[in-house]
Amino acid sequence: MDLDHHDYEHCDRTQDHGIEGVSEIDLLIPLDEDSEAQERRLLRKLDKRILPILCLLYLFAYLDRSNLGNARLQGLPGDVLGGDPTGVLFDWVNSAFFFTYILLQIPFTVLSKYYNPRIWIGCSAILWGISSTSMATAHTFTGLMIARLSLGTFEAAFGGAVVLYFSFYYTKAECGTRIAYWFGFAAVAGAFGGLIAYGIQHVKVSIANWRLLFLLEGTPTILLGLLCLSLLPDRPESTRFLTAAERKIAISRMNRGTSGDFGAVVRRSHVIAAFQDWRIYVGGVIYFGLNCALASLSAFLPTIIGTMGHENAMAQLMTVPPYAVAGFVLMVTSYASDRLQIRGPLLVCTSTIGGLGYMIMLGATHRQDVRYGATFLITSGTYSSIGLVNAWYSHNLGSETKRAAGIPLYGAIGQIGGILGSHLYPLTEGPAYTSGFTVSAFLLFLAALCALLLSLSFRLDNMQRDQQYGKPDPDDMVDTSELADKAPGFRYVP
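For reference, each letter of the sequence shown is one residue, going 109 to 602 in our numbering.
Don't read these hints as lab results, they were simulated from the structure. There may be inaccurate statements among the hints.
What the hints assert, rightly or not - Straight line, CA to CA, 20 angstroms or less: simulated EDC-like cross-link-like pairs of lysine to aspartate or glutamate:
| # | residue 1 | residue 2 |
| --- | --- | --- |
| 1 | Lys156 | Glu282 |
| 2 | Lys312 | Glu144 |
| 3 | Lys156 | Asp187 |
| 4 | Lys156 | Glu354 |
Build the full structure now, drawing on both the sequences and the hints.
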């Protein structure tokens with residue numbers, strides 16, 4: 109591999125490459141014979157430090173963006189939105205988050221490569237935590253909109269940067285499970301949020317219950333952001349969390365089946381390649397359908413369960429089991445995808461399961477027990493599918509820069525589905541919600557079809573490269589600095 113610095117497009121901000129006397133070339137020296145045992149120790153060390161921080165951050169990120177559904181049942185529309193009999197104002201407040209999230213996710217994720225991940229992720233958490241707690245002070249529709257727009261701004265700096273960050277430390281055989289652990293906390297947030305809302309519903313305080321909900325779920329985010337500033341490891345080549353020997357192993361792992369960047373690097377040609385890659389847009393279609401279903405679930409599941417004849421407090425409590433089961437299914441499917449090194453076929457199955465759940469909701473209008481059972485299919489199918497998509501693209505884009513542009517690109521397209529999902533369940537259509545369930549089912553079946561297309565495309569490309577160049581060793585470093593995923597030695601996970 110040519111390590112001359114002229115091959116890189118460096119920004120003015122560069123990281124310290126000489127920590128403890130370890131040079132860029134030293135970090136790429138082959139590992140010792142007992143490296144397998146050393147690698148297992150390193151992996152445990154990384155998991156113990158990285159996963160708790162990022163998983164807890166995502167737990168509160170998802171609580172902060174999705175707690176509107178519970179706040180609605182605790183009186184927010186009556187206090188701030190003038191009663192909102194049609195539900196239209198609430199829909200706009202819910203969807204405001206996605207406006208800034210969509211617009212800023214791509215530039216923020218690319219920009220994050222220029223900065224220390226610890227500082228970038230920690231500061232974004234502190235700022236979105238402040239935005240979330242500020243919702244407790246809102247007295248008008250405008251105040252709520254400003255807080256939600258601000259929340260979307262700073263969470264946009266978090267999501268794509270974290271998926272990119274996982275690729276710094278985890279191989280393609282590990283990334284799916286770790287992303288599942290991380291994203292699984294969205295399901296935990298759904299369950300946990302229902303329990304918190306149920307408890308707050310019974311608390312007698314001097315402020316409205318929904319204001320207390322925003323305060324209790326937003327404040328921990330600020331504290332976690334401060335913790336992240338001191339504990340989250342930096343990039344592998346510069347972190348002081350690892351010893352020199354551990355950094356050498358981490359760099360070697362980072363270059364298996366691909367090649368990582370060294371320092372604050374953005375390759376402009378790879379950013380352009382991401383915008384020209386049709387597969388990213390197909391991924392965007394998949395993510396659109398999944399996020400439409402996800403946004404619908406987070407904001408309206410308590411309301412939908414409420415239409416089954418349960419009181420508000422019980423409706424909030426009954427949201428817990430579907431999310432708990434979804435988290436378990438997400439872990440199982442992601443673990444299987446890592447072990448089998450397949451994403452597409454599993455994604456076809458999980459998306460189809462979610463679509464079938466919505467079809468049952470459509471057909472069982474007067475069977476409340478059946479409809480409640482269908483929510484388990486919807487949550488399990490949707491959450492598992494999103495975890496698989498994120499794991500799929502964390503490797504298949506080839507280079508760090510293309511991932512930094514491509515992941516938020518399909519993510520931004522997908523988050524438009526969140527806006528649609530926020531408007532699919534007006535109160536005037538309850539309890540049948542025919543339009544919402546129909547659209548969500550169609551989009552999940554479309555996601556399954558697109559996943560099948562992508563999987564076949566990746567398999568065909570791999571077969572053609574094997575015939576032309578031969579089968580590579582999956583642990584060999586592949587120079588993706590010029591061609592990204594189009595490099596002859598690169599192979600996709602189908």
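Are any of the numbered hints broken by this structure? If so, which, sorted upward?
Going through the list in order, the structure violates hints 2, 3 and respects the others.
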